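Sequences listed follow chains A and B, in order. Note that the first sequence covers residues 1 to 729 in the working numbering. Note that the second sequence covers residues 1 to 539 in the working numbering.
Hints should not be assumed to be uniformly reliable.
[Said to hold, decoys possible] Lysine-lysine pairs mimicking DSS-like chemistry, simulated, CA-CA at most 30 Å apart:
(1) Lys488/B x Lys122/A
(2) Lys217/A x Lys460/B
(3) Lys436/A x Lys80/A
(4) Lys369/A x Lys218/A
(5) Lys218/A x Lys368/B
(6) Lys217/A x Lys368/B
(7) Lys256/A x Lys488/B
(8) Lys301/B x Lys218/A
(9) Lys439/A x Lys369/A
(10) Lys217/A x Lys301/B
Rather than coming from a laboratory, the hints here were simulated on the basis of the structure. Everything numeric in this text was worked out from a predicted model, so none of it was measured.
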Amino acid sequence: MAGIIANLMSGLAPTLATAHGAAGHAVTNGAHEAAAAHAATPFEFITPDAGPGFALLILALPLLASVLCGVYAALGIKGKFPAWSTVVLLAGSFVATLMAAGTVFQSNAPLIVHGFDWISLKWGNVPGQSLTANFSLFLDQLTVLWMLFVTGLATLIALYASEYMAGDRGYARFFGFFALFVFMMSCLVMGDSLVLLYLGWEGVGLCSYLLIGFLYKKPSAVAAAKKAFIVNRIGDLGLALGLMLAFTQFGSLEYKEIFRQVAELQAGVAHGHEVPWSIRAIPLLLMVGAFGKSAQLPLYVWLPDAMEGPTPVSALIHAATMVTAGVYLIARFLPVFELNPAALNTVAWIGCLTAFFAATIGMATYDIKRVMAYSTVSQLGYMFLGLGVLSSAGAGNHVVTHAFFKATLFLACGAVMHGFAGQLDLRRLSGLWHMKGWKIVSASMLVGCLCLAGFPLSAGFFSKDMIIAESFVTEGFGGSLLGLLALLTAGLTAYYTFRVFFRVFVGPVEYHAGDEHHGDDAHDDGHGFHPHAPGWAINTVLVTLSAFALAASIPYLIMWFGASHDGWITGLVSHSTAKASNITVGVDHTATFLGANPHFIMYFVSGGIGIVGILVAWLLHFRGRTEAATSPGAEEAARAVGPILTWATNKWYVDEFYDFLLRKPLWFLAHVFYFIDALLVDGIVNLFGWMPRAIGGSLRPSQNGFLQSYAVGMTGGLALLLVIVWIVG
Amino acid sequence: MLTALILIPLFGALLVALAPVRFARLLSTVVTLAALVVSVVAAFRFNWSYPGSVSFQQSYTLVEQLGVRLSVGADSVSLLLILLTALLGPLCVVGSYTAITTRVRNYYAWLLVLQAAVTGVFAAQDLMLFYVFFEFTLIPLYVLISLYGSTNRRRAATKFFLYTFTGSVIALAGLVYVAYVGYERNLGWSWSIAELQSAAASMTRREQAWVMLAMLAGFAVKVPLFPVHTWLPLAHTEAPTAGSVVLAGVLLKLGTYAFYKFVLPFTPLAVMQYAPAIAVLAIIGIIYTGLICWAQNDVKKLVAYSSVSHLGFCVLGLFAVNMVGISGSILYMLNHGLSTGALFFCIGMLYERYHTRSMDEMGGLSTKMPVFAFFLVFFTMASVGLPGLNGFVSEFMCLLGAFQSGADGPGGVAFGSLGPWFAAVAATGMIVAAMYLLYMVGRVLFGPLREPAGHHEHEKLPTDLSWREIGVLTPIAVLCLVLGLYPKPVLQSLEEPVAMVIDEIRTVNQRAITEAEQAMLADPTQPQTPVVLATETTP
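Chain B extracted, bound-state conformation (with noise of 0.2 Å):
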């Protein structure tokens, strides 16, 4: 099934380029929709009842002396960001029919791929899988930004190949040296994610902290977390519209997927220690990328800069490690992905008829285009965290788990280490991502109407916008609607595996207190050491 979902995209993406230049849209619309459908359909087949437990597992081994297997599943988790993967697949497609006129082909199958290869990031479950994925990921989108993008594109294309390749070699090195462990304890190499986890799981305190300090530098460059996210608003601002869909809604998303994935389960002692210091990374980003979205005057730079301060929050509730935090973090994910992919689509929309990004140019558009003004307006509100939207639970949970993190727990072990302070800062950046998003709406919908000078019509668009570009933010807007009314069956899929991963992280702390405190009774003459609990935190 999954298999299926990533050999259809890539199959197609050679269709595509195969195939004669006029069929290119068609067939990778037809494409995108059936890797949908099998996606729907993998949904419904999917065991809900153990959305823990990993389903659809399909292994072959690739290298039997390395122990590398081509191994894919998923667990509600992967399956929601698979589903995600999915459904913007047919919108940038269908999105993109007016944008691109030239190298049609090559565009479409470059899409396909990036589609294929995001979508084996989240099936994977085997870490060198998962690796060549992670990494197969730049080659299309590097390809799309420095053909498609706009004038600055090569710069923007190679900064963001090296700066996020750079970062995952060194992810490599800390994962290499999570299967060098597991080698060493089973006597064998796998690269089994969840074997590897128990093994991982006994590395020392300070093994664990150099693990996540080198994971933390491949995954923090995705998510991007301060300071390493300057080669985003590059990136976003010169891609197309569907590259800039996609790695908003997608590719970022790897990052703090990874983050859930590997890091939490993998060095459960060092995200107890250092989960303050990230949050205050990811706290700083909040703040700090969202006063720069204010000073922006190219819209598109806008939102870019906003995807930063907006994943500072779900990085801030997958450190909470609690059941709210980490949970409201994955529905994060998927609720960034929709807005803010929703925010890029419209901003294309608007570039395709104005040619530029720049808020002086243009302004009080809603008196030509109330279709597009309502559309953007209500991005906008799911995006500022209005409640009844999408955006809203998973930032207050976000939050709540941040300010919840370091109660007491069963066992003399705290969930999580950060505290209210942690949240009562963070929360200001909902101050200030209402004062640059209203601040962007204002300009660009409301007040006397501003048109670049020499504007002319579009000749194959409507001055409002078309049937097909309405047909790509409806569904968008219909599930941030949903997931913001009824986010219950999400939130329910999500209980075990959060559960699963919070409860391993307690039970290897609780083991390393324990151990402490033997250690210290068994050798009393040896100067007590101060051993850094989690518990250790103001309630």
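Just chain A, same shape as in the assembly (with noise of 0.2 Å):
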């Protein structure tokens, strides 16, 4: 391998040298001419056309599916009937996608396909008295990017939970989620406006509340779902204001109007004009909603818990596509942040510290799917990074990178956690790779594991690099910091991942039973636990998404030797309105690291980093397993690290700290208003109705006190009326 590296870079070297081809920029020449390719042209937006309606079944299947599954549900069917169906319908929304997809790479414009009238609200030619928000759906390569992952991956793993769930009381009543999820995720992506990109939204948050309170008599299932549901309103609320603030600014909510008012704007800039505050905090507000939906600091709290959900669920939703909801929000915005420097700031900051963060919770955390929860988070830290840092591309790169080998490596903590009943415990569990039936999901591990970690020449290890390269050259931005901090991640991340792969599937065989049991688990009787290894549907599914997480490195691999860097999903990326313009934000081509382009050492830096980390597990928890805990040394050294460990175990503290600044005040304040309500507001009113019975009653004590505040109030309103007829007129 070492020796391949050595040859590629005498290879390729000199044309690396002067090839800066940054992602999305069309900027090829040298550091001579950095200063000259600053005159970055504004965003353009070409005005849509008119799309094929077959687009309307991406969505409109899943829907059936989901309807389907609510029908079998109802009437009680019994057997696998709404597992193929939801397999058999997500399979045509692929199919859809697919054709959908051809439709596009076709056209140059974006394509609208109008579904029906949703909102309407017309008042002639009023300015801003308007609302139009169509059921209908916005095509361009972003949206057929995303939706290709989306749906494939969910067929997938509908395959996958076909068995997985088997068994389960809720069969139907899962599928039926998981359809209608794909179908809320669909009009996230595919919506023309951002009220239907509201509905998706605020949707893919009820189907993850649904899915990870799946097991509702788990009284932590249902808290998890329920504080999934709440965080995620507190970013929804940024959304919304955003989108409000959108509305009155632009006058519209639909892509095509508020895009072609962004492309003046941004032509505006280019000729020096200024960007009213009321359009710069638009982006601002708008990354809330994403940093809650992607779970950045400081809103990531609800996604580790989310892992109370079926794991199918964890790799669907709260890996490979939800979490990456915010990621398309921004890149679909991109134009509009660029507008406001200090949001791209901002979002570049919170994802480069989430990052770090999530892998350091990542390290000392035992249960193998919060580890991969942590590193979801993490990861979508770097593609925040990405965003921030404008490398779209390179955000979007790795998010389709990401999906494959996370999806991967969910389904086989799935495979395992179903395998041992619900045993996650990394220190329980050890040599699943000598053990019969467990080969594929071993291998799946691995190679989900090597992309992780950036390993070199993995998928992984090209996305990743695109963003940490990016970030080294973009003005602005605290200087290399930004880098520097995603390279220390890099490293974290291969230990922690390799942390795991070691303990838990290499080693000597020997593992504990968890205490869940499906309900076929026949073989269970309390002595001899048995794994049961995983059947067909699941190693299918692991055989098909390790080999697309590896495949995904062979279109690098060539441009690679083609001398690029832009990765295979760039031109995807910058075919769409997430094409960075850098009208406010400078690249700087002469920037260095270690003395060379960026974008060429990083590969060397980060990938040593990278093999570093992996060969740190391995010291540690392979081949010095046994002796680390009991070594003297060891001792010492836990000691001294002990309270960042009791820290970094104890996640931070962050879910201490909400609860201790947020929850517990708010229900404190609620019970006091309660209190008020009942003693003060309302005991006012009491004192008002008292007075007239106690005046009543003085007056003629014989009567019933209802009659007479009747009388008293009559009267006492006709002289109020007479008063105000006095006063007034």
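Put the two chains together into one complex; each comes in its own frame, and the hints tell you how they fit.
Here's what the structure looks like:
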């Protein structure tokens, strides 16, 4: 391997030294021309054409699947009907996406497919008093990119779930929610207005709520579901306000109108015009929504808890698709974000810090599914960093590669959990590689881990490097601090990923069963627990996904040899509104890292750091697993890092912080308000109510209070009337 | 047509009261269904091309000297609310089959009277007639609560009656003053709402402020707006299920409807000037009562308080005084009637089985009652404002209207006088709503099964919902979905009437500004008094 790298280095170095092909920037000039390269072209928006009607099938088929599952549930149909109809219909949706992709690739302009009128309010030509939000689709290459992996992964994971969820009482319910999720996600990605995006946004939140709380008898699952929904709502508030501000500023919520005006604004910026603060505030609000949905600081707390849901859900919703909605939102509105460099800066820093913090927690977590959850948060952080440094292409690349390898990882974890009755503690599982029937799981785990760790020449390696390198060349973001932190995080990532692998999959065979049993676990009688290896559906899906995760690096390799760092998804991203125009944020093409072009050197630096991380994991968790625990040095080391470890194990006490700062005070306030309401607000009224009764009672003690107060009320009212007439008249 | 809609339930009530007990349920079902059919026919015959003009007009002079006429008619706003009333009628009747076992005739008769009265309020085109019906709604509901409610029913009923009655008497004062102004202008008494409008708008700013204050006193109690909301949780908690449904579904809308019908067009200057103050009350209501919901253990009280919180959005939208806000607010009236009405039905069904409303005593019911769980989650989501269901469209529009309010309009008069901050603060109510409603759903439906001690199965009701109960909830669920996905016809029908109201408000404000400017120009010696212009808000 080293020889190959050396060869590549010597062969490609001269070409690469001048090829600064930063993602999405049509800039390939050398260092001397860097200043001239600042003449960035403003964002241009081509008026959309009408698109093909069949694209509506992409949404309609999952919805149909969901309704069918509802019918199965209502009729009490047993068996695997729900799974099969869902898999088939989702596959149909995937095929429709492929066909739509064909049409989109041939079209120069984005396509709009009109479904039906949804919210429509018109008042002649009075400006700002009409509101239109149709149920229509907006198809460009960004949409297609997202929909391809959403529907593709959904189909595969549904197939996986057909086996995984077998024997569950809520089999039909599960697939109903699952398909509904795909529908909502399609609305989010394909909607042609912010309102339809918001529908999908809240809709996926609902499905996430329903699916996390799928095992509704478990209090922890119910609590996690509630937490996810509420934390997401906090983010949604930002999105909703951003949407309203966009409406007041642009007079419309439809993309075609917003982007038309944004293009004008960017052209204005190119001529030195100021952008009003009211428009610059829009991205600041939108990004709050993105932070909530994509589990970024400080709103990431719901995602680790969301692992209470069944594993296919974690794989699809909480790793591959829904959590990338925030990335989609910012990518889609990148031209708006570019109007406010401060917003981009915030996105970059939040992303980078999230990546780092989540990685530290991932290092100290024992539950392998939660390790994966934190790694998801961390990887999403990378994507946000990419967006923040205007490498939307890097973010796009990473979204896709991450979707595949993270789904693989989760499904492999799920297979373990399924086979070992819910056991997920990496201290209680070991040597799965050597067990019969677990080869495929272990191998796909390895593939996933390699990609996640950014092992050289894996897909994750390429996509992550695009982002890290770009953070070194983009101007105005705290120098190279962002990039260095991202590099450090890459090392941590490699460590915690392989910590799981070395602990669970290699080493001596040893396991303890968990305490969750499926309905069909007839072989479990409490004593002789036998893990049951996954069946064909799970294995097929694992093989397919890891093949995809591996194959994803092939285009990178090909391009790599062609001396391009653009990545194969870049073309898709830059043919959409996500194309960065660099109108407000410059790119310093003279920037170097370790004396070389960052895009070139990064492959070696981050690859090297990744390998170091893996080696450390190997040392600590494979080679020295037994010695490490007993040797005196280890104890000292443990004492030295003790406090940090405690903090990291306790997730930096963020949950406690929120509980103390928000939930408890609000809960207290709620009770205080209730008390005030009963005592004071109502008390004053009761006092007024009591007065006429008392007066009336003193006048006519023999009659009941009710009629008197009636009379007094009437007289009082008339008196008041006269008083008012007298005063105002 | 509309007269028939009032008379059918009224005579039906008489019939039910006189007929043998065993026919009471059947008769009242038939009567309410007949009313529903008539209202649907009315909807088909309504002139949808001109939804702002009053259709089905009928007029009959009652008191010649005072100009009081029995005049009914409906524009699209009235008609939509009448349809909602007619729809909830049969559902309430059918929903009460097993809940009411004593004094059955009396119960259904008063329920029908209540429906007639509410329909009358929405159909009235005469101020006096409106007020008579408005007050008349109190009596049947008072009877329903005080006779068929739970433990604290007497106190709740009395409080409800006195509270709302006192309020409306003050409102009457305001309305009479408007009629008096009309009398002076037109040299004759007239109570016609349409005729009074122009007269009312010619009042001075000071007069308008007083009249608005008087009207607010009555109508805000009805809505209810913070801080005059305390009668509602009590009344709701103690009322029988159908009473709660009608109360939440349509009676509270009398307040917001009156805001729309009288406060906005009668006092345009005051509205523009004091809208921010009213909006602040609405926003306090949204958050304050939302948090109170969270502190509840009584599930019915929780939903009752949530009504206060939700109607805050409705009021906020109305006082945004722009197309999006007011249309959204009217749509909110319908949607809230459906989703909260349905939630009260759900809780009633639970109460019939467990005889408790305490969430401490029951929980994890989705294992035992999956169908019920489906409906409760569905209506909760409609109530939370989940897009795709009805609540979202209207809540979103109310907030959007408030956000956009204050934006410049043609002629130098702004559309409304609120602004982004109002919407931003109110929107936190969306989070609070998610908090307390999911808290409720989580406790009632999920987790391990808990049932009250000594609970045994109801002898007449199945463990899960019966077909009758499903039949009550399904039409509402379908409507929630339809209004959530295709609100376009409703919204279109609102365009014209809302545009008329806004035009009226803006014209009067414009005139006031022009007059003030002219007065200043004509008399330069006079020290310049600051004229409060509606445009003086931050964009």
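Here's how the hints hold up against the structure:
1. This hinted pair checks out: Lys488/B and Lys122/A have alpha carbons roughly 11 Å apart, not beyond 30 Å.
2. Using a Cα cut-off of 30 Å, the hinted pair Lys217/A and Lys460/B holds, with the two alpha carbons roughly 28 Å apart.
3. Restraint check for Lys436/A and Lys80/A: satisfied, since their Cα atoms lie roughly 27 Å apart, inside the 30 Å limit.
4. With a CA separation close to 18 Å, the supplied pair Lys369/A and Lys218/A stays within the 30 Å bound.
5. For the given pair, Lys218/A sits about 15 Å from Lys368/B by alpha-carbon distance, which is consistent with the 30 Å threshold.
6. With a C-alpha separation of about 12 Å, the suggested pairing of Lys217/A with Lys368/B holds against the 30 Å cut-off.
7. Restraint check for Lys256/A and Lys488/B: satisfied, since their Cα atoms lie roughly 21 Å apart, inside the 30 Å limit.
8. Of the pairs offered as hints, the one joining Lys301/B and Lys218/A holds, with about 27 Å between alpha carbons and a cut-off of 30 Å not exceeded.
9. A C-alpha spacing of about 19 Å is found between Lys439/A and Lys369/A, which places the hinted pair at or below 30 Å, so the restraint holds.
10. Only pairs whose Cα atoms come within 30 Å are accepted, and Lys217/A paired with Lys301/B is accepted, the gap being roughly 25 Å.
Every hint from the earlier list agrees with this structure, and none is contradicted.
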